[in-house]
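Chemist: Protein chains in written order, with this note's numbering: chain C, 1 to 557; chain Y, 1 to 325.
Hint data in this document are derived by calculation from the structure and do not stem from the laboratory.
Some hints could be false.
[As the list claims (entries may be wrong)] Only pairs whose alpha carbons sit at most 27 Å apart, straight line, appear in this in silico BS3-like list of lysine-lysine: (1) K500/C / K25/Y; (2) K220/C / K70/Y; (3) K14/Y / K500/C; (4) K266/C / K228/C; (5) K220/C / K500/C; (6) K228/C / K296/C; (7) K14/Y / K435/C; (8) K435/C / K25/Y; (9) K423/C / K132/Y.
[Unchecked claim] Here are a few chain C residues that sit away from chain Y, every Cβ distance over 12 Å (derived from the structure): (10) V33; (11) L69; (12) R176; (13) K235; (14) T253; (15) A343; (16) P415; (17) E416; (18) N444; (19) Y488; (20) V517.
We put the CB at the ideal spot given by N, CA and C, even for glycine.
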Amino acid sequence: MLRPTFLSFETAKRAINVSQLGLDTVGHNISNVNTPGYTRQRVDQLSLSLNGVSTKYKVHGANGQSPGLGVLYNGTSQIRDSYLDTRYRNEASTYGELAVKAAGLQELESIDEISADGLNAKMLDFINELTKYASGASDVEIAAAVRNMAKQVTQVMNKASAELENILNNQKEDLRISITDDINTTLESIAYLNERIRQEHMTGNPANELMDDRNLLIDKLSEFVNIKVVNTPEKISGDLTISRLSIVMVDSTTSPASEFTLVDNKEYNALGMRENADGTVSIDLLEGYTMSPLKKDITGAVTKGAVKGYIDIINGSGDFAGRGDNSFRGVPYYMNMLDTYAATFAKYMNECNSITAADAAAANSPFVKEYDPKNLFVSSDGGNITAKNIRLSQEWESESTFLTTSKMAPSTADPEPVLKDGKPVYDDQGNQVFKDNANADNINKFVNMLKGDMTFASVNRDNERIVLYTGGASEYMTSLMSTRGLDYSLNNTLLLASDKVISGHADSRDAISAVSVDEEAINMMTYQNYYNAAVRYMTTLDEALNQIISGMGLVGR
Amino acid sequence: MRVTNQSVTRNYLKGLHGNRALLNKYSEQTYTGQRFSHMGENPSGGIRAMQVRRNLTRVDGYLDNAKAAKSTLAAAEKSIMQMSEITREISRLTVQGISDDNGSDEREAIAKQVEALQKEMLAIANTQFAGKYQFGGTNNVSAPFTLDATTNELLYNGHPVAGIGANSDLLKDANYIEVGLGITFNPDSSQNVDPNSAFKNTYVGLDFMGYGPNNLYALAGKIVDTLRSGVNDKDAAGKLLDDFNAAASQVTLQITQFGADDNYLDFTIDRLESERITLIERQQSIELKEADEAILDLKMQEYVYNAALQMGQRLMQPTLFDFMK
Numbered sequence: 001m002l003r004p005t006f007l008s009f010e011t012a013k014r015a016i017n018v019s020q021l022g023l024d025t026v027g028h029n030i031s032n033v034n035t036p037g038y039t040r041q042r043v044d045q046l047s048l049s050l051n052g053v054s055t056k057y058k059v060h061g062a063n064g065q066s067p068g069l070g071v072l073y074n075g076t077s078q079i080r081d082s083y084l085d086t087r088y089r090n091e092a093s094t095y096g097e098l099a100v101k102a103a104g105l106q107e108l109e110s111i112d113e114i115s116a117d118g119l120n121a122k123m124l125d126f127i128n129e130l131t132k133y134a135s136g137a138s139d140v141e142i143a144a145a146v147r148n149m150a151k152q153v154t155q156v157m158n159k160a161s162a163e164l165e166n167i168l169n170n171q172k173e174d175l176r177i178s179i180t181d182d183i184n185t186t187l188e189s190i191a192y193l194n195e196r197i198r199q200e201h202m203t204g205n206p207a208n209e210l211m212d213d214r215n216l217l218i219d220k221l222s223e224f225v226n227i228k229v230v231n232t233p234e235k236i237s238g239d240l241t242i243s244r245l246s247i248v249m250v251d252s253t254t255s256p257a258s259e260f261t262l263v264d265n266k267e268y269n270a271l272g273m274r275e276n277a278d279g280t281v282s283i284d285l286l287e288g289y290t291m292s293p294l295k296k297d298i299t300g301a302v303t304k305g306a307v308k309g310y311i312d313i314i315n316g317s318g319d320f321a322g323r324g325d326n327s328f329r330g331v332p333y334y335m336n337m338l339d340t341y342a343a344t345f346a347k348y349m350n351e352c353n354s355i356t357a358a359d360a361a362a363a364n365s366p367f368v369k370e371y372d373p374k375n376l377f378v379s380s381d382g383g384n385i386t387a388k389n390i391r392l393s394q395e396w397e398s399e400s401t402f403l404t405t406s407k408m409a410p411s412t413a414d415p416e417p418v419l420k421d422g423k424p425v426y427d428d429q430g431n432q433v434f435k436d437n438a439n440a441d442n443i444n445k446f447v448n449m450l451k452g453d454m455t456f457a458s459v460n461r462d463n464e465r466i467v468l469y470t471g472g473a474s475e476y477m478t479s480l481m482s483t484r485g486l487d488y489s490l491n492n493t494l495l496l497a498s499d500k501v502i503s504g505h506a507d508s509r510d511a512i513s514a515v516s517v518d519e520e521a522i523n524m525m526t527y528q529n530y531y532n533a534a535v536r537y538m539t540t541l542d543e544a545l546n547q548i549i550s551g552m553g554l555v556g557r
Numbered sequence: 001m002r003v004t005n006q007s008v009t010r011n012y013l014k015g016l017h018g019n020r021a022l023l024n025k026y027s028e029q030t031y032t033g034q035r036f037s038h039m040g041e042n043p044s045g046g047i048r049a050m051q052v053r054r055n056l057t058r059v060d061g062y063l064d065n066a067k068a069a070k071s072t073l074a075a076a077e078k079s080i081m082q083m084s085e086i087t088r089e090i091s092r093l094t095v096q097g098i099s100d101d102n103g104s105d106e107r108e109a110i111a112k113q114v115e116a117l118q119k120e121m122l123a124i125a126n127t128q129f130a131g132k133y134q135f136g137g138t139n140n141v142s143a144p145f146t147l148d149a150t151t152n153e154l155l156y157n158g159h160p161v162a163g164i165g166a167n168s169d170l171l172k173d174a175n176y177i178e179v180g181l182g183i184t185f186n187p188d189s190s191q192n193v194d195p196n197s198a199f200k201n202t203y204v205g206l207d208f209m210g211y212g213p214n215n216l217y218a219l220a221g222k223i224v225d226t227l228r229s230g231v232n233d234k235d236a237a238g239k240l241l242d243d244f245n246a247a248a249s250q251v252t253l254q255i256t257q258f259g260a261d262d263n264y265l266d267f268t269i270d271r272l273e274s275e276r277i278t279l280i281e282r283q284q285s286i287e288l289k290e291a292d293e294a295i296l297d298l299k300m301q302e303y304v305y306n307a308a309l310q311m312g313q314r315l316m317q318p319t320l321f322d323f324m325k
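Sequences and hints are given; from them, build the entire structure.
Modeler: The structure is reproduced here in structure tokens:
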């Protein structure tokens with residue numbers, strides 16, 4: 001059987017081609033060393049042969065064997081491991097959640113202080129003024145100083161409450177921006193890329209660059225919510241099966257676990273944020289292109305990611321959580337704790353200041369009349385006292401001696417009346433007002449109470465009574481600040497650990513799919529030598545043929 | 001494991017950022033002198049710092065109270081000294097007046113002197129210190145000792161002194177201030193302070209003026225009357241003088257009591273001030289960082305950071321391409 005003359009030329013040509021393509025790919029890889037999300041590509045080569053029963057004409061050889069016909073270029077593919085991708089994305093969700101919580105807890109530091117002007121410092125100063133008032137109970141100037149200090153305490157409470165509200169609104173705004181700008185646009189882009197990739201795959205093009213883009217977007221999405229990437233094979237024709245990508249969110253708290261589709265090929269759903277009347281937020285599922293509501297309140301399905309972090313900070317009411325409420329110590333927890341502080345402080349101060357019927361009976365004096373309630377602190381809007389609305393009462397504002405210094409009978413049978421323009425003064429109950437004497441028994445009571453004798457109680461979201469702390473006013477604040485400090489410290493530790501883990505996953509992933517410049521240099525040398533060899537082979541073939549064409553049969557000429 | 005340029009760059013940058021952050025932290029510690037500025041950086045240290053601050057504020061309050069009590073006490077002591085001198089003078093004059101060598105003119109002169117001294121006693125008992133009456137117990141806004149308009153007898157806070165007995169509540173009338181002993185209240189009467197748990201900073205004039213019919217003012221009055229009427233009964237006059245001297249000894253007793261109180265206050269102030277110093281030392285050891293330790297940490301970190309920067313140069317640049325011919 002004859003061998004086709006120019007058969008090997010095709011082999012050589014194919015070899016030169018493939019080596020050129022190899023060099024092209026090396027160049028492509030080196031240029032994209034720093035492109036984010038780029039996966040290294042390599043040339044797929046197959047060796048070619050025409051053996052076997054399937055050919056009609058055998059080439060040559062006794063038993064139908066023939067040497068191979070060189071190399072066949074089978075496309076450029078990328079090297080990627082989807083398992084490593086899944087591990088990376090899982091950790092990215094955790095990291096995203098911890099990062100958002102760390103930022104939120106740090107913002108809450110504003111109610112903290114190791115400086116001179118915070119809430120705790122003002123309360124300590126107030127207690128100090130009261131202690132000094134005890135040694136000068138008849139001194140109107142000291143009474144005014146005490147009232148001033150109390151006013152500062154209420155003002156700092158108002159300010160702290162306003163700051164907390166500010167933080168809450170900022171976090172809600174951040175969440176809104178994350179959802180509309182980051183998550184929903186990413187979902188839309190992924191859906192769009194899905195369609196493009198599908199079309200490319202159907203024509204046999206591996207679409208490496210588009211796949212890289214899509215993977216980058218999925219990585220970004222995984223920082224925000226917990227996702228599961230599902231690749232379903234779809235049979236297009238006899239020998240073409242392409243993969244259909246969908247992304248779902250799994251809610252494993254329901255039984256059976258419910259799944260919410262975020263992306264399915266070119267269709268996508270979006271997330272929406274809804275503010276509820278009680279100040280919490282919920283996440284809804286919306287239809288992608290029309291943004292019409294699809295499923296209400298899938299907040300339980302968000303278990304990781306930055307969105308979960310935001311939800312915990314915005315909804316978390318800690319000890320105040322009812323059944324089914326978010327029990328993370330987020331902003332609502334601190335707002336409630338501050339309100340409890342203000343309300344309990346006011347309640348105890350008001351009660352200690354009031355002269356009850358029992359007090360009047362024990363004093364047994366015409367100069368100690370019942371005056372109940374005799375409020376030092378009131379709310380500015382008439383409702384329950386909170387940190388936002390606590391104020392000094394009108395009576396105390398206008399008369400600094402409204403603070404009851406003594407509930408005992410005066411030692412003199414004829415106490416000095418308070419005169420205004422020479423006329424006697426009467427209080428709101430119609431009783432005549434007399435000057436304070438040096439007896440400070442009630443002031444000592446105030447101080448004792450503030451130092452260690454208060455029960456801070458409130459109601460949780462299910463309207464059940466809860467006791468948060470028993471002890472002094474300053475101790476309550478210290479306990480609250482230390483809770484926040486410990487939460488922040490723990491969260492930070494977890495964040496640093498997660499950072500290390502995610503680095504490890506990124507390194508593993510890069511080990512498979514990133515470009516190593518040294519390796520490309522070696523590849524380049526390899527392909528160059530390959531090219532040289534192929535060209536030399538071509539030269540050899542050419543010479544051999546030249547021998548036949550130009551040199552055979554010239555004997556005797 | 002295959003090491004790629006991206007992972008090398010990423011890890012190097014991460015390490016560099018970590019070093020830079022530490023460098024920042026040590027710089028801040030050095031120039032503020034504080035170990036930490038937020039509770040989150042060191043929760044347990046923060047809690048202790050808060051406790052120390054709380055105790056410091058309290059001790060400052062007690063010190064203030066103790067020092068105020070000391071100045072009140074000093075003023076009361078001065079008044080008591082004057083009272084003591086007056087009683088001695090009255091006693092001397094009475095001895096002189098009772099003796100036989102006096103004619104009615106001389107006795108009248110002596111009687112006038114004793115009367116004047118009696119008025120002075122009343123004035124001293126009604127002295128004020130910084131606008132507050134000193135000897136009215138908890139009543140410091142009106143003069144404690146007054147004279148009844150009709151009978152001219154001595155009243156204390158509106159009650160006749162002659163009728164006051166040893167069990168009178170007026171004698172127990174007192175105000176207490178916290179000086180760090182931990183004030184507690186009597187279980188039976190919730191407003192009453194347990195006297196052993198606080199310091200009493202008010203004074204009841206009855207303690208030195210006396211109570212019942214034999215108080216100094218009444219006795220002095222009787223002396224004046226006796227002198228004016230002619231000292232007819234020598235024995236009765238002698239007994240009157242004895243009664244007066246007995247009553248006057250209460251003043252001396254009061255001086256001794258004030259001296260003891262003064263010592264107690266000095267001791268309390270000393271104790272509070274040394275407690276204060278201890279607390280400040282403790283606060284500094286928790287919150288502040290010593291300059292030498294801070295600078296040492298900073299220098300170490302600078303060295304580490306520089307080393308990292310240099311390593312970067314060796315790590316990032318060379319590839320195989322540099323070595324190919």
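Chemist: So which of the earlier hints does this model not fit?
Modeler: 2, 7, 8, 10, 16, 17, 18, 19, 20
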